[in-house]
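Participant: Sequence:
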Amino acid sequence: MSISPTVGAISTYLSKVKLSGRWRESKSWYDRTISRVPLVGTQLAAWSKSLRRSVVSLVQEPGRLFEDLGITYVGVLDGHNRAQLEAAFAKAFTMNGPVIVHVRTQKGRGYRPAEVDPITFHGAALPKVPVGATDSYGKAGADPIATPAKVPNYTSFFAAEVVAAAATDRRIVAITAGMPTGTGLDKFATAYPDRFYDVGIAEQHAVAAATGIAMGGGRPVVAIYSTFLQRAWDQIVHDVCQNDQPVLIGVDRAGLVGEDGTSHQGMFMLTAQRQIPRLLIASPKDEQQLRSLVRTALAQDHPFALHYPRDSVVGVPEVAPTILPVGVSEVLEEGNQIAIFAFGPIIQRVAPIAARLRAEGISVALVNAIWASPLDHTTVRRYGESADLIVTVEESVEAGGFGGAVVESLAAHEAATGRRVKASIATIGIPAGSFVDHGSVSDLRTLIGLDEAGIERRIRAAWSARNQ
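Heads up: the sequence shown at position 326 corresponds to 459 in my numbering, and the numbers run straight through without jumps.
Think of the hints as simulated: they come from the structure by calculation, not from any bench.
Check each hint, because a few of them may be wrong.
Pairwise CB distance ranges, derived in the manner of DEER restraints [unchecked claim]:
hint	residue 1	residue 2	range
1	302	493	45 to 51 Å
2	244	445	23 to 29 Å
3	202	335	18 to 24 Å
4	496	367	43 to 49 Å
5	311	375	23 to 29 Å
6	285	548	20 to 26 Å
7	507	452	22 to 28 Å
8	551	485	36 to 42 Å
Virtual Cβ for every residue (Gly too), placed ideally from N, Cα, C.
All chains should be built: construct the whole structure from the sequences, respecting the hints.
Facilitator: Structure (structure tokens):
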């Protein structure tokens, strides 16, 4: 983010002076002349330069760092004044050496709803504001804009459980990287301001700071969007996991996120994290199990990555959270022909499919995997020996994801026992080898075959191929 802006006429005037050719020529001539004074020229030049920088820094503090590095700094300029910007850039292009032009803009400028409420209007999927209501938006006495009631999502349940846990454990602190509202941790900041840290858009710093807090006896919770967490890869590996520190990483927006586009899809983090030693990785079937996983993570003395999507929650009845056994899946239905392992809330799309297959006389087991690391090898291998087909389902890239973990487990089992397992295996996830484009989550799931109908088609195709 930008450095705190300097305001005032003197700062603006100095910016104009520093862009002028006369100033540059005069400064160069003065420095050459004074340095030629016998005996004391070099010292006078150094003192003069120091004095000049001190005076400028009084009114242009943001540029002091750059000036010390030999970079010409100009700012702060009005980013909405086109004529001023064009003049500044034209002058900057004529200068020798690097130039930084510091520009200040207003987020949402020109669209009143975005000017008044920049947080709500940050993303690509914006609230619907009638055209005739934009000018009065946010003004006293204006008619309120009708917006759909927000349905609770996994983010809100994650944040609420962290807040609840912090009420009885003062070791818990929360950290985010410039996204307190998006991650729900603004509620934590309100409840426990002395234990909340927003480090700005600096994911690496957020994770490294969490490691330090954990080493000091704290229980840090870091909540970052899955796609942005990729920036902190080194810190997750070398700081958190190499030192085996009890940091809870909330991997928000795991899976498809929709309108924010390709750069925001949470496709890759599960595959990447699954390679890291000591890192526990889990995802819940619903919001109540998410609450239990938060408590489970905070009860561990090891790193923990908790993946949850942007989706609205299921709406299951509230139950008290419990500590779950690490690496143990949940068998929801037994069966001996098809065994479906689902990782995360995507199981809600899989359950109706399993029910329809059972209604057709096919014996279908449904397993809520919960854990990607450590994998429940016992349950995976049991169905590998007893079922005809194992299907894995996840909203993560297929290559190296949860399905890959199951394939690896069965391959290792075959190598150890010297015999082939009975089950064939099919993996269903986000196709590898391409990015997912912009669109609503529902449209994207339909496009790549991860909606309920698409998953069912792929399961039936695998079952048909198994029986040929």
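Participant: Now tell me if each hint is right for this structure.
Facilitator: Results of checking the hints against the structure:
1. 302 with 493: 45 to 51 Å: Given range 45 to 51 Å: holds, Cβ gap about 49 Å.
2. 244 with 445: 23 to 29 Å: Since the Cβ atoms of residue 244 and residue 445 sit about 27 Å apart, the hinted range of 23 to 29 Å holds.
3. 202 with 335: 18 to 24 Å: holds, 21 Å
4. 496 with 367: 43 to 49 Å: For residue 496 and residue 367 the Cβ distance comes to about 47 Å; the hint holds.
5. 311 with 375: 23 to 29 Å: holds, 26 Å
6. 285 with 548: 20 to 26 Å: The hinted range 20 to 26 Å is violated for residue 285 and residue 548, with Cβ atoms some 46 Å apart.
7. 507 with 452: 22 to 28 Å: 25 Å Cβ-Cβ, so the 22 to 28 Å window holds.
8. 551 with 485: 36 to 42 Å: holds, 39 Å
Of the numbered hints stated above, the single one contradicted by the structure is hint 6.
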